[in-house]
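Engineer: Sequence order for the protein chains is P and X.
Note that our numbering has the first sequence beginning at 1, numbered continuously upward.
Note that our numbering has the second sequence beginning at 1, numbered continuously upward.
Hints should not be assumed to be uniformly reliable.
Keeping only pairs whose Cα atoms sit at most 20 angstroms apart, straight-line, the calculated SDA-like set for lysine to any residue is [what the hints assert, rightly or not]:
#1 Lys206(P) <-> Asp88(P)
#2 Lys80(X) <-> Thr42(P)
#3 Lys80(X) <-> Asp88(P)
#4 Lys105(P) <-> Lys80(X)
#5 Lys13(X) <-> Ser126(P)
#6 Lys96(P) <-> Lys13(X)
#7 Lys117(P) <-> Leu172(P)
#8 Lys274(P) <-> Gly256(P)
#9 Lys80(X) <-> Met51(P)
Covered by chain P, according to a simulated footprint, are these stretches of chain X (three or more residues, beta-carbon under 8 angstroms) [as the list claims (entries may be wrong)]:
#10 9-19
#11 48-58
#12 62-72
Now the in silico label distances, taken between C-beta atoms and shown as ranges [said to hold, decoys possible]:
#13 Ser132(P) <-> Leu220(X): 29 to 37 angstroms
#14 Leu220(X) <-> Ile159(P): 56 to 64 angstroms
#15 Asn197(P) <-> Tyr22(X): 26 to 34 angstroms
#16 Ala164(P) <-> Gly33(X): 54 to 62 angstroms
#17 Ile224(X) <-> Asp112(P): 47 to 55 angstroms
#18 Ser190(P) <-> Ala231(X): 49 to 57 angstroms
#19 Arg215(X) <-> Asp148(P): 53 to 61 angstroms
Since the hints were derived computationally from the structure, they do not count as laboratory data.
No residue lacks a Cβ here, since even glycine has one placed at the ideal position from N, Cα and C.
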Amino acid sequence: MIRVEGLTKDYGPHRAIDDLAFNAQEGEILGFLGPNGAGKTTTMRILCGYMPPTLGKAEVSGYDVVDQSLEVRRRVGYMPETLPLYPDMTVFDYLKYMADLRHLKNVEDRVDGVIEKMNLEMRASSYISSLSKGLRQRVGLAQALIHDPEVLILDEPTIGLDPAQIIEVRDLIRELGQEHTVLLSTHILSEAQQVCNRVIIINNGKIVAVDTPERLQARLTGARRVTIQVGGDSDGLEEVLNNIPGIAHISTNLDGNIEFETLPGQEPRPEVAKTIVSAGYDLLEMRPVGISLENVFLQLTRDEPSHPESPEDEPIEDEKEVESEGY
Amino acid sequence: MRNIWIIASREYKLYFSSPVAYMIAFVLLLVLGIFFFLNLQVAAFQPGFVPGVEVFLAPLATMLVMITPAVTTRLLAEEKRLGTIELLLTAPVRDWELVIGKWLGGFLFLLTIVAITIIFPLMLNQLVEPGIDQGPVISGYIGIILLCAALVGIGVAISSLFSNPIAAFVTTLGVFVFLWWILDPITQVMGPAGSRIDLIRYLNFSDHFFANLFRGVIDLGDTIFYLSVTALSLFLGTVSVEMGRWR
Numbered sequence: 001m002i003r004v005e006g007l008t009k010d011y012g013p014h015r016a017i018d019d020l021a022f023n024a025q026e027g028e029i030l031g032f033l034g035p036n037g038a039g040k041t042t043t044m045r046i047l048c049g050y051m052p053p054t055l056g057k058a059e060v061s062g063y064d065v066v067d068q069s070l071e072v073r074r075r076v077g078y079m080p081e082t083l084p085l086y087p088d089m090t091v092f093d094y095l096k097y098m099a100d101l102r103h104l105k106n107v108e109d110r111v112d113g114v115i116e117k118m119n120l121e122m123r124a125s126s127y128i129s130s131l132s133k134g135l136r137q138r139v140g141l142a143q144a145l146i147h148d149p150e151v152l153i154l155d156e157p158t159i160g161l162d163p164a165q166i167i168e169v170r171d172l173i174r175e176l177g178q179e180h181t182v183l184l185s186t187h188i189l190s191e192a193q194q195v196c197n198r199v200i201i202i203n204n205g206k207i208v209a210v211d212t213p214e215r216l217q218a219r220l221t222g223a224r225r226v227t228i229q230v231g232g233d234s235d236g237l238e239e240v241l242n243n244i245p246g247i248a249h250i251s252t253n254l255d256g257n258i259e260f261e262t263l264p265g266q267e268p269r270p271e272v273a274k275t276i277v278s279a280g281y282d283l284l285e286m287r288p289v290g291i292s293l294e295n296v297f298l299q300l301t302r303d304e305p306s307h308p309e310s311p312e313d314e315p316i317e318d319e320k321e322v323e324s325e326g327y
Numbered sequence: 001m002r003n004i005w006i007i008a009s010r011e012y013k014l015y016f017s018s019p020v021a022y023m024i025a026f027v028l029l030l031v032l033g034i035f036f037f038l039n040l041q042v043a044a045f046q047p048g049f050v051p052g053v054e055v056f057l058a059p060l061a062t063m064l065v066m067i068t069p070a071v072t073t074r075l076l077a078e079e080k081r082l083g084t085i086e087l088l089l090t091a092p093v094r095d096w097e098l099v100i101g102k103w104l105g106g107f108l109f110l111l112t113i114v115a116i117t118i119i120f121p122l123m124l125n126q127l128v129e130p131g132i133d134q135g136p137v138i139s140g141y142i143g144i145i146l147l148c149a150a151l152v153g154i155g156v157a158i159s160s161l162f163s164n165p166i167a168a169f170v171t172t173l174g175v176f177v178f179l180w181w182i183l184d185p186i187t188q189v190m191g192p193a194g195s196r197i198d199l200i201r202y203l204n205f206s207d208h209f210f211a212n213l214f215r216g217v218i219d220l221g222d223t224i225f226y227l228s229v230t231a232l233s234l235f236l237g238t239v240s241v242e243m244g245r246w247r
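Isolated chain P (complex conformation) (with noise of 0.2 angstroms):
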């Protein structure tokens, strides 16, 4: 459905996507994870038919997005970041002109039908400059929506939304990608593991990874992380830990809560209760945590070359960004 290769967009001497490559096939739902500025919307935006690429090729549909720009725009819903609603139109006015803008059939049913799909029957005839944030974003999806398209682009669909919101839109994602092929964008690595059936890691206008959210999780995790409660101090018991064999990377987060990975192919987890015990200590907890799809972003990115043509250095700055929003 998508198929894109070398795409490649300078902004002046800038260049904000380079030689990208990647596809996605129907029914999929593709989630684009970077930090801030690393090229999604550019991406997003060449292949809607907004702005032509400096270089490479992008297919939507099989059709071309520059020599066959308005074949795509008329299969591809798109949702921009910047939520572009006009505040002096009633939402189903607003859903009626997009509609009428891709020359729809039936445009009132079609429109009625994308209301009561969004859950937007109470403020159908309400001012859009009266919605609240959540409201609009499902006006917005509502508008990308309407003619039913082959191709859904979601760029940031939960950003500013509060969390029953975003749980809501996600679930809508899902049940879109059963129909629709989905290309989301996002910033927070939770999101895209719960939604997306693959992952593109994006970072400064590179691909870093492609690849299922599990499958991602599991290539940096040939050891795993556990976590161990104690009762009262554990002053001491990073060094007693030290002693065990299979286990690497003991730090303490808080008193009394000490987290270590097990090497690979080792399960040393039965020797460390023993030895918690019979140091004195009440192990009040332990359990296995799974290293997130946070750590793996970090460790990607952070492994990426430094790239000369970008001496402003803000990955490092937007992962910080990342990691706060993510957890």
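We have chain P; now place chain X onto it with these hints.
Structural biologist: Showing chain X alone in chain P's frame:
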């Protein structure tokens, strides 16, 4: 063609959902009404003076030059400010359809306001014995329509350059004032000779209106002038929208 009409009719309707449209119509008709009344007063006291269409056509043309920026400034600059331009540029609509649709919406709105001013010649026809000369009414209104087309065209083109409607407004007003008032004194100061002066004289917006159309003569040259300004503006507007895609 269908897209042009869809975009134009949305723009047209939108004017009436904001107070701007009513304010523009109110101010225009009020000013014209005052001029009209004063001219009738003068005619009542000066036996030799018979008011004709010029008593409202001249202020109408001048007022249009001043209010058109308020009509056109929003058309594309507002889309850019709201980001909704992204929506239109990713909809299956050609760039020229977008620009012409915007132009048509603004143009039709101005024509609606102009249509109301028909009451002035109708009243005048009743008041003046034996009725007013019909020729200047028809040619004058053709001139006004052509003028509106060209002004809205320039307005749309300038609007496409800005993402701030107020900046677009001020620029449009400046350009109009230049074309309507300032070019005339320039040609007078520079004297009669030379080809450069001919070009400047040719660009003089008010001259093309007042020289012939205003006096009851439908001149082909003036008609072509206004139509080509409209076409050129819409072409440049389209180029500007297309250039916007590359940034």
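Engineer: Please go over all the hints and tell whether each is borne out by the structure.
Structural biologist: Hint check:
1. A distance of roughly 40 angstroms separates the Cα atoms of lysine 206(P) and aspartate 88(P); the hinted pair therefore is violated under the 20 angstroms criterion.
2. With a C-alpha separation of about 17 angstroms, the suggested pair lysine 80(X) and threonine 42(P) falls inside the 20 angstroms cut-off, and the hint holds.
3. Taking the CA atoms of lysine 80(X) and aspartate 88(P), the gap is about 15 angstroms. The hint holds against a cut of 20 angstroms.
4. A hinted pair counts as satisfied when its Cα atoms are at most 20 angstroms apart, and lysine 105(P) with lysine 80(X) does not qualify at roughly 29 angstroms.
5. Restraint check for lysine 13(X) and serine 126(P): the C-alpha separation of about 17 angstroms stays at or below 20 angstroms, so the hint holds.
6. For the hint pairing lysine 96(P) with lysine 13(X), the CA-to-CA distance comes to about 14 angstroms; that is within 20 angstroms, so the pair holds.
7. Among the hinted pairs, lysine 117(P) with leucine 172(P) is consistent with the structure: their alpha-carbon atoms are about 10 angstroms apart, no more than 20 angstroms.
8. Taking the CA atoms of lysine 274(P) and glycine 256(P), the gap is near 17 angstroms; set against the 20 angstroms cutoff, the hint holds.
9. Taken as a hint, the lysine 80(X) and methionine 51(P) pair is honoured in the structure, with Cα atoms around 15 angstroms apart against an allowance of 20 angstroms.
10. Three residues within the 8 angstroms Cβ limit are the bar, and the region 9-19 of chain X against chain P gives 4, so the coverage statement holds.
11. Judged by the Cβ-Cβ criterion of 8 angstroms, the region 48-58 of chain X is not covered by chain P as claimed, because only 0 of its residues qualify and three are needed.
12. Counting residues of the region 62-72 of chain X whose CB lies closer than 8 angstroms to any CB of chain P gives 0, so the stated coverage by that chain is violated, three being the minimum.
13. Between serine 132(P) and leucine 220(X) the beta carbons are some 58 angstroms apart, a value that contradicts the proposed interval 29 to 37 angstroms.
14. In this structure the hint that leucine 220(X) and isoleucine 159(P) lie 56 to 64 angstroms apart at CB holds, the actual value being about 58 angstroms.
15. Look at asparagine 197(P) against tyrosine 22(X): about 54 angstroms separates their beta carbons, and that is not inside 26 to 34 angstroms.
16. Between alanine 164(P) and glycine 33(X) the beta carbon distance is about 58 angstroms. The supplied range of 54 to 62 angstroms therefore holds.
17. Take isoleucine 224(X) and aspartate 112(P): their Cβ atoms lie about 49 angstroms apart, and the range 47 to 55 angstroms holds.
18. Checked against the hint of 49 to 57 angstroms, the C-beta distance between serine 190(P) and alanine 231(X) comes to roughly 55 angstroms, which is consistent with it.
19. Judged by the Cβ atoms, the range 53 to 61 angstroms given for arginine 215(X) and aspartate 148(P) holds: they are separated by roughly 59 angstroms.
When held up to the earlier numbered hints, the structure conflicts with 1, 4, 11, 12, 13, 15 and fits the remainder.
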